[in-house]
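J.: This note's numbering applies: residue 15 is where the sequence shown begins, and numbers increase by one.
Errors might be hidden in some of the hints.
[Said to hold, decoys possible] The list that follows gives simulated cross-link-like pairs (lysine-lysine, DSS-like), each with its CA atoms no further than 30 Å apart: (1) Lys16 to Lys140; (2) Lys127 to Lys140; (3) Lys186 to Lys16; (4) Lys204 to Lys140; (5) Lys204 to Lys68; (6) Lys140 to Lys199; (7) Lys186 to Lys127; (8) Lys68 to Lys104; (9) Lys199 to Lys127; (10) Lys199 to Lys108; (11) Lys75 to Lys186; (12) Lys16 to Lys104; (13) Lys140 to Lys68; (14) Lys108 to Lys75; (15) Lys130 to Lys140; (16) Lys140 to Lys75; (17) Lys130 to Lys204; (18) Lys186 to Lys204; (19) Lys104 to Lys140; (20) Lys130 to Lys75; (21) Lys186 to Lys140; (22) Lys127 to Lys108; (23) Lys204 to Lys127; (24) Lys130 to Lys68; (25) Lys130 to Lys16; (26) Lys75 to Lys127; (27) Lys199 to Lys75; (28) Lys204 to Lys75; (29) Lys75 to Lys16; (30) Lys186 to Lys199; (31) Lys108 to Lys140; (32) Lys199 to Lys130; (33) Lys68 to Lys199.
[Unchecked claim] Ranges of calculated distance between the beta carbons of each label pair, as one might list FRET restraints: (34) Glu101 to Trp187: 38 to 44 Å; (35) Ile21 to Lys130: 23 to 29 Å; (36) Glu101 to Ala24: 33 to 39 Å; (37) Leu112 to Gln188: 25 to 31 Å; (38) Ile28 to Ser73: 20 to 26 Å; (39) Gly70 to Tyr195: 15 to 21 Å; (40) Trp198 to Gln82: 24 to 30 Å.
The set of hints was computed from the structure by calculation and includes no laboratory data.
Built from N, CA and C at the ideal position, the CB exists for glycine as well.
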Amino acid sequence: MKTIPYILIALRFILAPLILLLAYFQGDESRYLLLILMYFGLLTDIFDGIIARKVGVSSEKLRRLDSQTDLIFWLSLGFTAYFLNPELIKSEWKGVLLILIMESLCYIVSIWKFGKETCTHAFLSKMWGISLLIAFTYLIGFQQSDWAFYLTVGLGFVAHIDVILIILLLPKWQYDVPSSYHAWKIRNGKQRKKSIFFN
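Given these sequences and hints, build the entire structure.
T.: See below:
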């Protein structure tokens, strides 16, 4: 049981190049298969954390591995959306660029302050992940950006601001911080509380 969280993370990591290859070589024919793989990847993300806590193996190493695998997985879906809908993605380049800049800033600020990448798993970031799932469902499955794309850009901007504030407020690096408010409490010496939103 203790190896299952690592197996689920590995599966999500393997899905990333598989999704890219399907999108690049099979294009439109693979749309529905890509959606199935995307939702399967999401399930591995949900259950790796749940199982890790149940069997007592949730650790810094596991959480950092989970975060970086998430980044690779979602980036693969971003490139997949581009392979399938290049003109549509180009028309929304400002929103895409904004999210890429904000994601880069989170890493830059964290590495500058702590010497390692961010791993907050914040609540707003989880909400952003849900909006990403909806946006990619529209982009990959139905060739539409529509409201889902603008929702994920707006929520993504807010979520990344929250992560940057968490990093700036924390006196030392730590993982699983629900929000900038919690980071402020930690900075002021108040006891850290676990969040039910961690997965």
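J.: Let me make sure I understand: some of the numbered hints might not hold for this structure. Which ones are they, in numerical order?
T.: Of the numbered hints given earlier, those the structure breaks are 8, 10, 12, 14 and 39, listed in rising order.
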